[in-house]
Amino acid sequence: MSAFQEITQAAREDERVEFSAEAKKKIEWIYTRYPNREAALLPVLRVAEKEFDGIGAAAIDCIAREMGLSPGYIYGVFTFYTHYKRAGEGKYVLQVCATLPCALRGCRDVVHHLEDKLGIKPGETTEDGKFTLKKVECLASCDTAPVVQINDDYHENLTLEDLDKLLESFE
Amino acid sequence: MSEAKLVKFKINGQEIEAPAGTMVIKAAHEAGIDVPHFCYHPGLTPDGNCRMCLVEASNARKPVASCVTPVAEGLEITTDSDTVKEAREGVLELMLLNHPLDCPICDKSGECMLQDNVYDHGPDNSRMTEPKMMKPTKDLGSTVALWGNRCIVCQRCTRFCEEVSGTGELAIIHRGDSSVVDVFPGYPLENDLSLNTVDICPVGALISKDFLYEARVWNMKDTPSICTGCSKGCNVEIQQERNQTRRIVPRHNPEVNDYWMCDEGREVFKPAVSEDRLLDYQLRTADGTIDTNPKNAASAIFNGLNQVSANHGTQAIAGIGSAFMSCEELYVFKLLFDGLQTPHLGAFSRPQREAKSFKQFEIPGDPNPNRLGVERILGREALEENLEKILSGIQNQSIRGALIFDDLLDWDLPAEWQSALSQLEFLAIFSLRDRTHLPQHSCLLPATTFGEKDGSMLNGEGRLQRLRIATQLPRTIRYEHEILQQMQQELGMRSKVVPPSALFKEMGKAVWPQLEISTIRELGDQGIQVESPTENPQRATVS
Ligand code: SF4
Ligand code: SF4
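As given, the protein sequences belong to chains A and B, one line each in that order.
For reference, each letter of the first sequence is one residue, going 1 to 171 in my numbering.
For reference, each letter of the second sequence is one residue, going 1 to 543 in my numbering.
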């Protein structure tokens, strides 16, 4: 083992996390629904997202050990998608759809409004850790554009007033 | 294995036959028809991601990727139509959108598939006016660095880590035009095969840190030879510039190493170019005068050994070769010591280590390239029993003179040997490094090493393979086999000094009676199996 490897592995050991028994049970059930482990990776990432409140290096390391896949492989799959919550993102993740139909229906205004209001740019998180703003690709709800997904919920046909009310309702 | 059924089909009107299941690109290449590609590599499973190998097929409306299209009876393939040419141009224009085109300072320049493919098939300009994407330049591990901007996301490297090394460090992260190769933070690319990813990267995205900025590849000359890092004997290409080896890369041999080699093997040329390398002869007489003329080496050794046998009998001298000598050297060595009438014939070898097993590659536990050659030529006992006898003989002073080979790369003589040897009345030692603690009456002689000799070695699987000369010896050095032959001449055993090819002729049938070839040339570039691997007990790896 090279010095390079030793240092980085030591760092990793410090941050180790494990799935709870409940999450493990859920994962076992997910396995039964897929032909092999690779195929079960997306739903397992969903479980990890809830379990560890966002996916970071420690979570990927944990999934790798659980599923017997290389962390690199999981990292590649995970970064391909924008919709998983990353470690360090806020309590509320505001995903503004920025694809064409939403753009035609004013999503830029939505983004600018949120930028002004929260004082952050897309990709950033407020200092109090409450909000993360993201611009994302199609949320498959073009008929109700503009759309913002906040955590698991869609908020459709949004006006800026709706948005203000919504933000106030969050703890 | 049952032979797959042959199917008949056509490429550009030319009738071709290939086993069913063969991919079109492979059949085309075998028929000498060029199909440009990036992600396809014959040693990896096809992926069809780069789209460079598009061809027209009679069973499809749109161009198809020939690396994932199997041949079929009656299929007609076109590789040179306007449609195909246009498709290639399109693919290459996209590939160059974000490519930095920093060829002047790129290590891959001159052996880059992107350069070659754009030169042959690319568009003559780019419509791209937007700023290019920027990607990281960083270390991926202790041997390989990434120039992210150059990556064309062909996934050869990630497939290598999945399929061949099985270590899975590399992945493509992000998507679309942000995609790039990376490792998961904290899990660097650290495996014994890591540098193969640099060889197969079609562009200069993955770079060997050791070779970085060492040479422009078009200035180097290639010589096919074998690695002497261990008993596997991987087939390699030695690449040298101005008589200095710069790099060793694997050469395809399906019977030995396929397309790969290990990282350690790429270092075997280091002792040859090391600054500490011993370059001068130091022939010391008993009264302390030093002669440095290589022409006198043979007689100095001969006289030294003779004096010992005159004083104490022929049994008081010993010869110790090594498992790094070629078969030809071992053969002359053996004849010489038979002529000197001593039974004390041994050979040094590097100690066994743990074998390493990867998904599609084994690194054997025996770090000696020609141990089996020693066993066949000097006898199995030379490596252990005889060595022990010689050591105790020196310690109890029944052995008083010796000629030894100390050419085992970085391996150093164990302490007990060093002190024993310094007690001798006379010692001749072929070495790669300067040696202190020699007896007063001694000859210190520069040894030759990797890339410098012609001859053959028998790998751990019983395959006899050819070593070739890539770099000429430093001017001051003579070949060991020549000096040994000159000593034979002094004994009246040989009329003239001959090259290794002639030694091979003498040796061949004497050592392997069933040998079907008589000249070393017939070993070819892939060697020949002279012993059945399964009959060979040494094959079992040490755990
Ligand atoms: S680094 Fe090289 S081999 Fe790996 S995906 Fe990029 S271009 Fe292909
Ligand atoms: S496996 Fe052995 S022979 Fe092959 S490259 Fe490595 S050291 Fe050289």
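Treat the hints with care, as some may be off.
[Claimed, not checked] A few chain B residues facing chain A, derived, Cβ under 7 Å:
| hint | residue |
| --- | --- |
| 1 | G168 |
| 2 | I172 |
| 3 | G176 |
FYI, nobody ran anything at the bench for these hints, they're computed from the structure.
Keep in mind it's a predicted model, so treat the numbers as computed, not measured.
We treat Cβ as the ideally placed atom computed from N, Cα and C, and that holds for glycine.
Hints, one by one, checked against the model:
1. G168: Status holds, d = 3 Å.
2. I172: With a minimum Cβ separation of about 5 Å from chain A (threshold 7 Å), the hint on I172 of chain B holds.
3. G176: 9 Å, violated
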